[in-house]
Structures are given as C-alpha cells and as structure tokens.
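Asker: Chains A and B, in that order, are what the protein sequence lines are.
When we follow our numbering, the leftmost residue of the first sequence carries the number 1, and every step to the right adds one.
When we follow our numbering, the leftmost residue of the second sequence carries the number 1, and every step to the right adds one.
Just to be clear, a hint being listed does not mean it is correct.
With a straight-line cut-off of 30 Å between C-alpha atoms, the simulated BS3-like cross-links for lysine-lysine are [what the hints assert, rightly or not]:
#	chain 1	residue 1	chain 2	residue 2
1	B	Lys907	A	Lys55
2	A	Lys284	A	Lys297
3	A	Lys55	B	Lys820
To be clear about the criterion: a stretch of chain B counts as covered by chain A if any three or more of its residues have a C-beta under 8 Å from a C-beta of chain A, and this derived list gives those stretches [said to hold, decoys possible]:
#	region
4	660-671
5	866-880
6	929-937
Chain A residues, not near chain B, derived (Cβ > 12 Å throughout) [stated by the list, open to error]:
#	residue
7	Asp21
8	Thr54
9	Met146
10	Asp187
11	Thr252
12	Leu330
The set of hints was computed from the structure by calculation and includes no laboratory data.
Idealized CB from N, CA, C, for every residue including glycine.
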Amino acid sequence: MTTPGKPPIVAPGHSPGSVTDQISSIVLTRMPRWWWAAFGASFALVMMLLFALTKLVVEGTGIWGLNIPVGWGFAIINFVWWIGIGHAGTLISAILLLLRQDWRTSINRFAEAMTLFAVACAGLFPLIHVGRPWLAYWLLPYPNTMDIWPQFRSPLVWDVFAVTTYATVSLLFWYVGLVPDLATLRDRARQRLAKITYGFLSMGWRGSATHWHNYETSYLLLAGLATPLVVSVHTVVSFDFAVGQLPGWHATIFPPYFVAGAIFAGFAMVITLAVPLRSLFDLKDFITIRHLQNMGKIMLATGLIVAYGYVIEIFMAWYSGNWFEEFMILNRIQGPYRMHWYALLLCNVLAPQLLWFKRVRSTPALLFVVAMFVNVGMWLERFVIVVTSLHRDFLPSSWGMYAGTRWDWAIFVGSIGLFLALLFLFVRFLPMISIFEMRTIVPKTQTRGPEEVSQ
Amino acid sequence: MTKIDHPAEDSSTSRRSRIDLAAMRERLQGTRGPRFWRSLDELAETEEFQQLLHNEFPEMGVELPDGVSRRRFVQLMSASLALGGLTACTRQPLEKIVPYVEQPESLVPGRPLYFATSMTLGGVASGLLAESHMGRPTKVEGNPEHPASLGATDLFAQASVLSLYDPDRSQVVTNLDRIRSWSAFVEDTRSKTLADARLRLLTGTVTSPSLAALIQQVLSEYPQAKWHQYDAVTRSNLLHGTESAFGRAVATRYDFAAADVVVALDADFLTSGPGAVRYARDFMSRRRAAADHPEMNRLYAVESMPTATGTVADHRLPLRPSQLASFAAALAAEVGVPGASAPAGANVGSQGEWLRAVARDLQANRGSSVVVAGDYADSEVHALAHAINGHLDNIGRTVVHTEPLEAQSEGQTGSLADLADDMAAGEVDILVMLDCNPVYDAPVDLGFTAALRQVGRRVHLGLYRNETSEHCHWHVPAAHYLESWGDARAYDGTISLTQPLIEPLYDGKTAAEVLSVFTEEGSRPAHDLVRIYWQAALGETGFETRWRRALHDGFIADSALPAVDVALRTEAAAEASARIDETGQITDGVDLAFRPDPTIFDGRFNNNGWLQECPKPLTKLTWDNAALVSPALALEQGLENTQIVEVTVDDRSLELPVWILPGHADGCMTIHLGYGRTRTGRVGSGSGFDAYRLRTSAAPWTVTGARIRRTAKRYKLASTQLHSNIGLAPGPNEEPGFGVEGEEAERRHLVRVGTLENFRQEPDFAQHMGHTPPEDLSMYPPWEFPGYAWGLSIDLGSCTGCNACVVACQSENNIPIVGKDMVAMGREMHWIRIDRYFEGELDHPDVHHQPVMCMHCEQAPCEVVCPVGATVHSSEGLNDMVYNRCVGTRYCSNNCPYKVRRFNFFKYNDTETPVLELLRNPDVTVRSRGVMEKCTYCVQRINHARIEAEKEEREIRDGEIRTACQQVCPTEAIVFGDVNDPESKVSAAKSKPLSYDILAELGTRPRTSYLAKLRNPNQSLEKT
C-alpha cells in the first residue's frame, strides 16, 4: 500500500509476528530509566495540582486572578484548550476510519488515549471554576425534591451534555478498540497479576470469527457515533462564547472556527507526543515519516481555516458597522493585551506556514517545533478570546485588567502534569499502537516492499 | 427581688453580661470568705455585687422618660442568670429567652421601629431617623422634618452604624493601660481634682447648649479652669470673615432655592460642611428644567481641587489657592464693591474675561445671586464675599446671618496654641480631652505631644484608643451617638436632640457624663444632664409634652436661630483688599492645600471600612490618600501616577504617592487629611499618609512654597476606575489625554449632556444620541407585567457624586468590604457605583457622575446564560438573584453589559465577629463565598410595602417604596416606582424628554433610565 514517492506506513522488513513482539514488549518488559524519571516528574506536578485544588476549595475562587469584569480566566481558557486537544483522537479514529485512511492505524491508539486524558483534564476545569464546586452537580438534570431543573437556555448546560457525551463515547471507542490487544497481552504476559488483569479486561476475547464480527460492527457503529461528536463538542463549547452578547464572543463564525482550531490543536499535540515517543520506544518503523507528513498537512489546512477565522473576525468588526465590535478588534490589536495577540499570530498563523515545505514536514524535529508553537498559540487564542473581550466591554468605567496568579499557573501546569502522568501510565500498561490493526496492514505493505522483491 | 415590673428585650445585654460574668468570676475567686451562699439575695446584697450591677446597668443609663423601669428588670434578670451560671459545674452558654409578659404595643418582631436622633460632625448636627430592629439600630435615614436633612443624609451618617458596632472600639475604662471601672475613674477624679486645680478642657466645636452650660458650670466651679476648642477641620475662617465684614461674629447660611446665580469661591457647599445636605437639595431644586419651564440657575466655581460643586458648575475655573484671595478682590472690584481693589501685582489676566462675565452675571441678578466662600478659604475671601453679597442686596434674600452656632466662637487654632504653651510651661494640672485626638491632628508646630507630657493628669474620652489615649493616664470609652443622650445645633441653629437607640455596648460615656464628674453634683447620667438643662431652658409649664414632642421629632420646633440684622462695614472690602495686597504674592514652589478627606474626614472615620472603601469622588481612590496634582504639574515635574514624592514645607517633609487629577489647578497640590494613623483599629491601620505632619497652625489649609522631590519608589494605590491609567502617564510620543476610556465613554453616549439652549430648541436631544432597537427583535417572547412593574430613573443633572447612595446601599444590603488588595484587583462589592467621566480638555474638563446599579433589564442577558436558573425574572420586572441556587459560574457577570454584578470571590462577610451580627439588616441575606450578588432594587423594602398594602387591601402607593439609594439622596436624583402606573413619579421622570437608556442599542430594555444632564452656560463664556 505504498504510494510511489511517499514514505511507507510501516517500515520494511516487518512480519505480523515482529509487529506483535515489538509493540507488546514495551508493555511486558521493564520500563527504561527515563520513564521513571519522566513519570516521577509528572506525578510531582499532579501533587502540585492537588495542593492547588485543595487551596482553591478551602479558600475560594479568589486565589485566582479573576475580577469583575474578567469573570473567566485560566480555568475556562484551559478547559477550551484541553477540549480542543482532545479532538484529534476521535477525529483520527472515527473520521479517518470511515474514510478508510489506513495510515491512521499506528497513531490512533495513543491519539485516542490522549483524547481521553485531555478530556479528563478539560472536565476538571468546569467543575473547579465555579464558586461553589461542591454544588456543580446542579448543572445536571437529575430528579430532585426541589423539582428544579437546570436552565436549558444556558450554553453551560449544553456543555455538560456535550462534554459528558464526548467523554463517554471516546472512552467506549477506545476501550472497544483495545479488547483484541488486551487479549494478546493476556496471552503473552508472564506474571500472574498481569495475566489476570489483562484477562479480566479482555472480556474473554478468543479471536473467534463471531468475536471479530461483533467487534467490527460495534467499532464501526461507535465510529459513526463519534463522528458527529467531533464537530458538536467544540461547536457547543464555542456557544459558551457565541451566545453571550459580548463583542469578541458574539460571532456566528465561532462554531466552525472553533472546530478547526480544535483539530489544529489536536494534531499539534499528537505530533508533540508522537515525535518523542517514536524515538524513545524505537517505533520509527510504525510511526513513520509518512504519518508525520500527513499530520503536518492536516495542521496546515486547519491552521489556514483558523487564520481565516481571525481575518473574518476583523472583517466582520468593520463590516457590521457596530462600534463595540470594531473597538474590540482595535483593542486586541492596540490594547494592553496586544502582545498576546501578536504572539498568537506568530504561533498560529506564521509558524504553520513552514509546513508548506516538505522538508519541514518530513523532519520530525522541525515538525515538533511547529507543533509546540501551535500548542502555545492555541492557548493564547483562548486567552485572547476570553480575557481581551471581557476586560474592556461596554462601559469604560468598568474596564479592568487580568493576570493569572501563581495558583492559576499551578493548576494549569498541574493539569499538564496530570495529562502526562496518565500518558506515561498508558504507555506503561497498554499497547500504544494497535497491534492487531498493524498486523492487518503489514501484509499489504510488505508484499510490495522492495526488500521482499529482492528476496 | 424577683418582682418583674416589665419585660425587656435588650439584645446587647447578653454579650455584655458575658463579659462581666468573667469579671465577676474573677472577683468571686479573689474574695476570701464564704464560697457558698444561701440565696441569690445574699450574694446580691454584697457591696461587690452591687458595684458590679451598677457598672453593668448604671442608673444614669438609658432610662425611658415614662418612668417604667426596664432597667431594674434587666439588672435582676441578669444577676440571677449570671449567678446561676456561676454555680453550674460547666460553663453554659448564656442565653436569655424572656417572653413578654405584656407585649409592647408597637414592637412587632420583624418590623423595624424608627426613632429620631441626630449626629454631629464638627459639632453641627444633622437630623436622622434610626431604624431599630428588635432593639438594635441597623440603618439610619434622614429625618424628613429636620431642616438640615429633609429626609436625606450624607455618607458619614450612613456609615455611622458601622462605627457603632466596630469591634475595634475602645471597650473599657483604663488607667495606665490597666482596666479599671468607671466608678474607679469617678472616685479617682473627684478625689484628685482640687478646687484650685489648673484644669483644662479640650473639646471639638461645641454647639450643644446643655454641654456648653455644663462646661460653664465646671469653669465656674474651678476658677483656674479654662476651656479650649479645637477641630482639625476648623471653620474659624468663617467667623473671622464675618468679624471683619460686619464687626461681629455671625453665622452665615444661604438660601440656594432663591438664588439664580451662585458663585462658589473654593466652596464645596454641595457636599461638605454643615448644611450641605440641605444646600444640595435647595440648589438642585433650581436646576431641573422642564419642557414647560426651561429655566435653571447658574453656578460658577473657582477652586483648586475639583469638588462635587465644581463638577456641577456651569463654569469652573481651576485656581491655585494662594491666588483665590486676589481673585475674590478682583471680583469684588469688578462687581463694584466700594473700596475693593485687585491687588497690584495680581495676575488675573487669563481669568479676566471669566471674571468680568461672572461680575456682569452677578450684577444682572441683584438680590437673587449669592457668592459663597468656602470653609477653607482665607477670612479675607469671606469678608469680600460678604461685601459682594451686601453690595448686591443679597443679604436677607439669599444670605441670612444669625448668631453663631458655636457656644463659644473664639479662634480655635489660637486656643489650642495657648493650651500647648501653657502645658509646655507646666501650668496645667489636669487636661481633659473630650472626643478629640490632638496628638494626631494638632498643628505640627505646636509641639502638642511634647507639651502634653508636662501635664500631671491627662484624661481622654474617645470612641477608640488612639494616638492621644496612648499619652493619657485615664482613657474612658466614649458612647457612640446612637448610644447617647445629647443635643446640638443644626446648620441653621435648630436644636437637634440625640437619643440612644441601644444601651452603650461597651460602657461608653458621653462628654457630658465625663464633665459631670467634675461638678459639684458629681457623676450624672447623660439623660438627666440633657433633660434638666432643657427643663430649665424651656420652662416647667407644659415641659413634658414639649419634651416628648421634641424627642419624637428629633428637634425642638422653631428653634432655628433667627436672622440678625448686621450692617456691612463700609471699609471691610478695602481692608481685605489691602491685606491681600500685602500677603498675596505668589511664591516659588507649589501651593499645598489640605482638605478633609471626602470619606474619612479628619481621620475620625479612619477605622470605618465602609468609608475607607468608598471610592473618593473624582479620584476613585480607596483606602489611601495621595498627593493630587494637575496633569500639567505632573508633566512639568515628570511625575507619574503612584510615584512616591517627597513634599517639603520648611523643614518638614512627607513622602506620599502622586495621583494625577484632571481639572486640578496648576501649581498646587492637594493632600487629604485623616490618613497615616499610627494608632487605630484593624481596618484603618497602615492606610495612607499623614498630612498633619506638614500642617501648621499658621496655615491650616494652604501652604505656599512647598517643594516636590521625585523618588524612584512606587506605591500601590487602589482605584476603582482607570485601573490601567492609560493616557495619564503618556509615553514619549503620546499626547496626554483621557485615554481610551475617555474617548470611548464619549463615543458611546453613556452620559448625555446638553446646554439649556439645546434643550429649549430640541428638548429630546438626548434621545437622538443613541439608537433603540424595536422591542420585538428578541428571540424570546416579551415578559408580561400585569401588576406592578418597578423602574428607576436617575437624574444625572442632579447627581453630585457625593457617595451617600453608595454607603446607604452598603448599609441596607449587608454589603461587605473587601480590603485594599481586593479593590486593586477589581473585586469591590458595591452594588451601586458612581461612574466618573471626564470630558473635554485635560486641564479643565467637564466631569460627569453616573450612578450605575443593576438595570433590571426586561431582556436580561444574565438570565439566559445562568445554567442553574439562579438569576430569574420576577413578575414585576425585577431581575432576582437566588443566592441559594447560585453555584458561581460568573457567566451572568460576563454577559452583563453594565457590569453591575459582584462576586464573592472569598468569604467577604465577617460572620465570626459577634458584634457585627447586630449590624446586619435582618431582611437581607448575608451572602457567602462563591455567590454572585447585585442590586435588587431593595426588594426587601418592596416586600414590606406589599405586605402592608395587602393587609390593608389596597395597591402600593406611589412613593411608599423608596430604595435605600433614593431615600438617602440629598438632591432627590433617584426616583423609584411603578412604571405601569402612568401617574407615578417614576413614570413622569421616564416620560421626560431628557430620559434615555444606556446601551439601549443592545436591546436589553433596562428598567433603570437616566435623565440627561443640562448645563446652563453663560453665553459670553461659552467655548466656541
């Protein structure tokens, strides 16, 4: 399945057996020393997160830099940022599956895991950002003696539905896809505890034709179910802003612009993770330059859509004839937060232009750098949307400034720590590349491989 | 002994008896002798216990005039309970649940009672009604019948309730920092004060006839005694001015309702000084132009620092204070006052045209104009103002002179200087300082503190243990006015009575009670002192009826001082001009003006959190004072906002931060008094800079030749507006200006202003300055309001930005203070704020005040976005907050275009300090952490009125509900009512051509609307 002139999806010289060996051995052998160091570091960040959260619950939202007029800050920025990152996994798994993009196979597993962890991090923020976190469950429509429902006109309630649905479907999708591989691990594990655990988790998978049939059907159905969610989640998240009447929030471009931004951010994060992992775990044979190139192309495309969004925002501000809108844009460009706006343009508009060059797309280090720019840029984008719009709205008397406090940063960095810690646990205990799916590709790729011919 | 005469319900007793219980245990433990007793009576008979009871409920306490002895009952009750507690094995919490045997007719739990009383500031009274919930005062309102109030108050009166319950108040009598009893003080004082003692009394300004009589009695009993008066905010220039104008000291009061043209010479008559509340009402009554009556008065203001009066003025001239006298002389000369002449070297060139226009306007309005000199202006300015008023036949029409309000009208600063000299010379045996703080606020050149140490016996009475009490042998806690009996004169001389709403929380004594210790009769309760005086003064016949009437009304009817006929001395103007000629030279350096702080006054309110956090008019600073300078001076000297400068006068210097204030006169700097206290409560500690350290007796208000030295240091100042100070600290290539805030405020037509001429030609000009979308554009169906529909209208033309509404709202609605750091972060909690906008040129801008509270939008953006339905629309159009339901997403605040919502980022309300529990309005929820809050249109008052109306089976009457901000407003700028009722006042206001909504283009359909501001400029001065 190698297209002429393109790097292969799987490096030459692999048989189904070698694929299984190589991927499962990562899980079944001891972890290298760097893993312990990396996991330890991220675990320390998790502890910092817990400390900051404790302080938050004990003392109150006031430990953050929020004020009136800037009622939302890091918590919402981080929420949207993480949710955006969480988009790539489902997109790769579901949409690319439906589109029969075989190259997705080697990256979908950890992209899905990344999605889950990102959604977990994202889900943390709506819970803790409210003033009385112990009452956050009031956003759920549950039967209660007071006979009170949530207020369904509020986008925050829509958010609850969108995010919980997305998290549930992503988890199911990921787990269903894991079942055959869990069985492989069960069979290969030597330790009793591992055997029992993997055996329990693999739900009695024996690889019969019925199993495969059921598996394929459910996986396809879940893919179909997950596909609209990729679009809906970030659409709903964008409604948090678009439904508000604040200049800088109240824009019809927000749903598509947010979805594109999410995919943009998601792929950037996949690259951020894939580039180091493939060299650390020696997986260059499976996550090849071809994968990186494709992801680079998607980033370029979605990056351009995002840039279009920026342009349209400026255009609409002028075209609407609405002075509040116009002022909002001028304030973005000239106001006290202009450096954030310029940095955003550098990261999200200028940096991805490098991806036009094949050399950049096929050099993992350069790709990694671009992806890091995009990660930062997407965070800045949310900062600009949330803070720059809020800090100067309608009445100049109420304008203010906002800056995150050390606790804002502690929780943000802590959430990155949580994400990484979960990811390190994932690569330790689960196959980060789908073994059985790789096995299905190997014959296709290897038959036409040049070495095979020469043999 | 347990015969119950009458029930009592004094909520203060429970906590007090707890305090004394501890003392009693101590005493009992210390006593030798029988540790057991057979009956309560036995112990109660002991001298020890009688003494304790006496302290606890002194007989001179608040005895109701009807002779019913509640006090006796409470004494016995608490004696029984206290002893019961003593005999118990473990300490039980003390609770007294005493059912009424006979329910007092008027006292219904949950329904407040109102009592007339009065509060003094600088010795002059303002009439109040205090709201009492089950025996505890929670709020004060103006006394509608009192001439100085007419139902309104200033912010100091509003905040006084907080001072009453201040946990930092002085609570016990001390001698050399050891706790002693009042009787020990009495005994010690009486035994040590010999008949030939060189006794000195130091008080603030005294207008109280009964206190003055008592002082005279003391003076007569001690031949060597002397009485000194000193107020840091002295008004002695006024009396000096009248002395030189009329040859005798008289009080001056104005009738602004009769004035068509007013000229204010550094006079902030609308918000400061006695009578300001009444003056503001009278003045604004002449400023409401209607379509059928397009007339209004005209105000010219000359002032150094922009004040409320200056911001209202049609023409304002910034002038450094050292030039004011020259200006007054030139004005007098221009008006044609015989003998007046502009000083030879006076430079009024640039003001010449202004001055001539004012003079012409004054001459055209003979008999209906008035020139007002400010409290801080030199006596020459006062003399000249009187001369002009006399020359224009205003005296007797817009200006009335009466006998002085003060019981003794001698020069105050001179009196304090004499005292300091005598003390330093060791000629004072006993000094009694009654409710004053000279160690902190005496002029620095007197060396008061050092001299004080020479006095053998120093006694201090004060609400707080302060700088002065630190230097005293005896300190006696003062009773707050809400705990006191007393009397004082209002701005017009009306005798206003003070009656207690609650028993002294901390055994506080009034000045009269302390003085009575020095009299032959010995210590007497304040009530007796006041009543006996008035019994003598009013005569025995019908006294009881008159007295009760006066207590009910809060003042003695028709006791205003009558006008006296004074003749202007013909040579007064010439003398004043000559004196100005001698002294009125502009020196090098800058002028330095001292002013009482707009919120904490002379420092006495330093520990009052409401006042500390109340944004000062114009600067919007909280918690600090600063050196206020004009933008031009800042540019010239290279000063930036918050930069610390060293201000040097002679050999004294003070470091404090700079705040650039547009409209401030060039070449001068204003520093407010009252900050930088070294000994105060927890609230006031560490705030601001002590301007008294630069203030001398020779120049209490203005110093010339001050030097400014820049430092590299910065100081954090917390301002509620202009957090970023854009434009006022311009970069190298930027022009100084009001920055984006100013431009945007103007472009968005938030404050709409027109001239009287505009109004005559196009009465509804304000409505054409914005765009109101049609009402059917909303996705959501409109609400129906079949019954009442509450609405509010604010007249921007009448608003002086005095802040009374801000503090009134805070008091009514249990709004917490958050502290300087929180304000600096933008987390202040005020439900109503006064937005201030500058317009025009940086050097003399027009200033607009715009009170903003919740708009109660009919299409409220906040309601749609709340995920839990914690902010909902009521059937009467209120935008209600359901605190219990709020989870704190803050989405509502983000979506509120008016940014009126306030969030409890922390648990701001102090619910731990017991005494503060007494302060709360029981009708308003005390909000906790994590909850959003905002203006409710005082929904508790609406509900009170609704209940009353439903009981009487009628509709709520127009004007029956008044919001706290409306009720307190001195100028009646705020009108609230039912907009469904076409006859209501608010409907009338909203149907005026000047009425407009802010941000109407958003389709929110706010229920709070504004009336555009009108100016009445002199055509000959109008800028082209």
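Asker: Looking at the structure, which of the earlier hints fail to hold?
Answerer: 4, 9 and 12
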